[in-house]
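Participant: The lines below spell out each chain.
Number of protein chains: 2
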Amino acid sequence: MSLLTVGSVAFDAIETPFGKTDKIIGGAGTYISIASSFFTKPVRVVAVVGDDFPKEYIKTLEDQGVDTEGLQIKENEKTFFWAGKYHNDMNSRDTLVTELNVLENFDPIVPASYQGSEYIMLGNLSPQVQSTVIERLTQKPKLIVMDTMNFWMDIAFDDLMKTISMVDLLSINDEEARQLSGEYSLRKAAKKIMAMGPKYLIIKKGEHGALLFHKDEVFSAPALPLEEVFDPTGAGDTFAGGFIGYLAKTDDISFENMKKAVIYGSALASFCVEKFGTERLLEITDADVQTRVKEFHKLTAFDTTL
Amino acid sequence: MSLLTVGSVAFDAIETPFGKTDKIIGGAGTYISIASSFFTKPVRVVAVVGDDFPKEYIKTLEDQGVDTEGLQIKENEKTFFWAGKYHNDMNSRDTLVTELNVLENFDPIVPASYQGSEYIMLGNLSPQVQSTVIERLTQKPKLIVMDTMNFWMDIAFDDLMKTISMVDLLSINDEEARQLSGEYSLRKAAKKIMAMGPKYLIIKKGEHGALLFHKDEVFSAPALPLEEVFDPTGAGDTFAGGFIGYLAKTDDISFENMKKAVIYGSALASFCVEKFGTERLLEITDADVQTRVKEFHKLTAFDTTL
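As they're listed, the protein sequences go chains A and B.
Heads up: the first sequence begins at 3 in my numbering, then just goes up one per residue.
Heads up: the second sequence begins at 3 in my numbering, then just goes up one per residue.
Hints listed in this document are in silico derivations from the structure and should not be mistaken for laboratory results.
Check before you lean on any hint, since a few could be wrong.
Treat identical chains as interchangeable: a pair holds within one or across any two.
Distance condition first, Cα-Cα at most 30 Å in a straight line; then the derived DSBU-like pairs of lysine-lysine [said to hold, decoys possible]: (1) Lys207 x Lys300; (2) Lys300 x Lys217; (3) Lys194 x Lys300; (4) Lys296 x Lys194; (5) Lys207 x Lys217; (6) Lys300 x Lys144; (7) Lys217 x Lys190; (8) Lys201 x Lys164; (9) Lys194 x Lys22; (10) Lys142 x Lys201; (11) Lys87 x Lys61; (12) Lys144 x Lys217; (13) Lys277 x Lys217; (14) Lys87 x Lys193; (15) Lys80 x Lys277; (16) Lys61 x Lys25; (17) Lys194 x Lys87.
Please model the complete structure; the sequences and the hints are all you need to start from.
Facilitator: What follows is the structure, encoded as structure tokens:
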């Protein structure tokens with residue numbers, strides 16, 4: 003099934019206890035589209051970069067199965083740049099630099115050939131850009147998934163609430179769920195957030211996995227306990243990309259199938275953190291993904307005979 | 003199979019955002035023995051209280067299936083008392099009062115009738131008391147499980163390391179695993195801790211569940227996402243009691259069966275936190291426990307066909 007993603011395509015400079023990078027390719031749109039391309043092709047991308055963005059990397063995305071017709075290249079402008087430094091526990095980070103550049107006036111143009119897309123993944127971007135994409139769709143999709151972050155809760159709350167009310171599934175982390183709902187209990191937070199519009203909610207808990215909510219149902223997915231988290235950048239976006247890619251491939255949005263999609267997303271995220279940036283995602287094969295999904299099963303399955 | 007537990011039997015005064023209690027019955031030994039009594043009876047208890055401890059509560063334990071022959075009652079002495087206050091997030095607490103009283107000179111006498119016990123649960127107590135119990139056993143048990151806490155790492159490190167080297171399974175929380183191993187990654191921490199002696203390790207993660215390690219195997223159990231955690235006191239001890247009780251009942255210490263034991267322990271712990279102290283544990287039935295174990299399965303199971 004057809005999948006349209008929107009999100010930043012960016013330069014990142016990352017520092018972790020294991021090392022640091024120069025400007026490498028990152029951005030939610032990049033991670034989402036690579037991750038979802040494991041399941042469905044082509045992945046349609048709406049995004050913007052400057053003319054400093056390497057043509058070879060656009061080729062890399064295309065080789066991976068990404069349709070870049072919706073990737074705008076702005077002459078004489080610069081690509082969005084983010085630099086961050088992770089603390090020793092890898093669970094928190096400081097933003098060192100944010101240069102919006104082309105993102106500042108990003109007008110998310112949806113090419114005519116993208117119309118009719120049935121699965122929509124709105125990566126973390128300003129909620130106003132996210133809602134514009136929805137408004138520009140001429141046909142109602144089967145599923146709209148939205149990722150966002152606390153930054154937008156702080157500076158664009160009304161826009162954010164409007165966009166949240168337009169989507170089917172919201173994906174945020176545990177701290178954000180608590181901030182958005184004002185509830186510490188994630189179960190209570192989920193109820194309040196689903197009352198804001200989305201029928202489904204995913205709460206990402208980093209090294210503790212993720213929770214999927216729908217009505218009174220809950221599914222708890224673990225994270226794979228890794229010896230080393232080398233670079234967490236993009237893990238949440240990779241998770242989202244794997245999740246919606248799997249749903250688009252199977253074209254089944256039952257809760258049971260969403261559980262599997264959460265596991266596929268988690269499996270891809272567990273690869274993402276093993277190297278800097280998108281490096282590991284670009285190495286692995288479908289067989290690697292299947293092997294890891296089996297590891298997730300082994301990690302959680304228990305005999306239920308009494 | 004026969005189960006011997008040792009642990010504090012205490013008075014607790016607890017304050018949470020939901021309310022506060024006067025002195026109620028608590029202590030690791032209390033929670034462990036009640037939880038394990040759901041699976042195996044009698045549960046043999048080695049513990050000490052003062053003559054201020056209510057006779058009716060000893061009767062309550064006995065009615066639950068606890069053998070109190072090893073419960074020493076010290077005339078003219080007072081029962082161990084702990085008072086604590088939970089923060090709003092319920093994940094951290096301040097200790098307000100610790101009165102060791104009878105625990106100060108606790109000599110853990112193992113009654114002759116307790117000899118031959120095959121499963122041993124050493125609840126959190128001074129590691130010196132825990133190792134004394136092991137040394138007083140005349141027959142080698144099938145499995146010795148030890149719970150401890152950071153307090154002993156700080157004040158009795160050598161004793162602690164000695165006791166850890168004598169047990170088969172250590173149960174601690176994630177912060178303690180990091181402190182004991184000096185490793186942030188729980189997978190690395192587990193390797194280092196198992197090299198200290200125990201063949202198995204359980205890392206408790208509170209609202210994020212628990213991990214069970216053995217050699218290169220890992221099992222991840224979720225916690226049930228609850229609307230409200232009313233009082234977390236005793237949840238870890240209840241988990242440990244349910245875990246070893248289930249193993250003693252089934253007399254099977256394979257890794258597969260330990261996974262189930264972790265789920266049974268988690269199920270009991272999820273009840274424990276619903277009311278103050280042991281109140282909820284004393285209300286529930288075997289059928290309630292089975293129903294909750296099924297909820298855990300529903301929470302984590304996913305279809306593995308590709």
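Participant: Confirm or reject each hint.
Facilitator: Status of the hints after comparison with the structure:
Both within a single protomer and between protomers do Lys207 and Lys300 lie at most 30 Å apart by alpha-carbon distance, with minima of 20 Å and 19 Å respectively. Taking the closest pair of Cα atoms, Lys300 and Lys217 come within 30 Å of each other both inside a single copy (28 Å) and across two copies (15 Å). For the identical chains of this complex, Lys194 and Lys300 are inter-copy neighbours only, at 23 Å across copies versus 33 Å inside a copy, given an alpha-carbon limit of 30 Å. Proximity of Lys296 and Lys194 under a CA criterion of 30 Å is satisfied inter-copy only: 26 Å between copies versus 34 Å inside one chain copy.
For a Cα distance limit of 30 Å, the shortest separation of Lys207 from Lys217 qualifies both inside one copy, at 20 Å, and across copies, at 26 Å. In this assembly of identical chains, Lys300 and Lys144 lie within 30 Å of each other by CA distance solely across copies; the values are 26 Å between and 32 Å within a copy. Taking CA atoms no more than 30 Å apart as the test, Lys217 paired with Lys190 passes inside one copy only; the shortest distance there is 12 Å, against 38 Å between copies. With identical chains, the CA atoms of Lys201 and Lys164 are at most 30 Å apart within one copy only, with a shortest distance of 15 Å there and 54 Å across copies.
In the homo-oligomer, the alpha carbons of Lys194 and Lys22 lie at most 30 Å apart only across protomers (28 Å), although the nearest pairing inside one protomer, at 40 Å, exceeds that limit. For the identical chains of this complex, Lys142 and Lys201 are intra-copy neighbours only, at 16 Å inside a copy versus 56 Å across copies, given an alpha-carbon limit of 30 Å. In the homo-oligomer, the alpha carbons of Lys87 and Lys61 lie at most 30 Å apart inside one protomer (29 Å), although the nearest pairing across protomers, at 59 Å, exceeds that limit. Taking CA atoms no more than 30 Å apart as the test, Lys144 paired with Lys217 passes inside one copy only; the shortest distance there is 18 Å, against 45 Å between copies.
For a Cα distance limit of 30 Å, the shortest separation of Lys277 from Lys217 across copies, 25 Å, qualifies, whereas the shortest one inside one copy, 37 Å, does not. Taking CA atoms no more than 30 Å apart as the test, Lys87 paired with Lys193 passes between copies only; the shortest distance there is 28 Å, against 34 Å inside one copy. Taking the closest pair of Cα atoms, Lys80 and Lys277 come within 30 Å of each other only inside a single copy of the chain (26 Å); across copies the shortest separation is 58 Å, beyond that limit. Taking the shortest alpha-carbon separations for Lys61 and Lys25, only the intra-copy value of 18 Å comes in at or below 30 Å, while the best inter-copy value is 70 Å.
For the homomeric pair Lys194 and Lys87, the shortest alpha-carbon distance between copies (28 Å) is at most 30 Å, but the shortest distance inside one copy (33 Å) is not.
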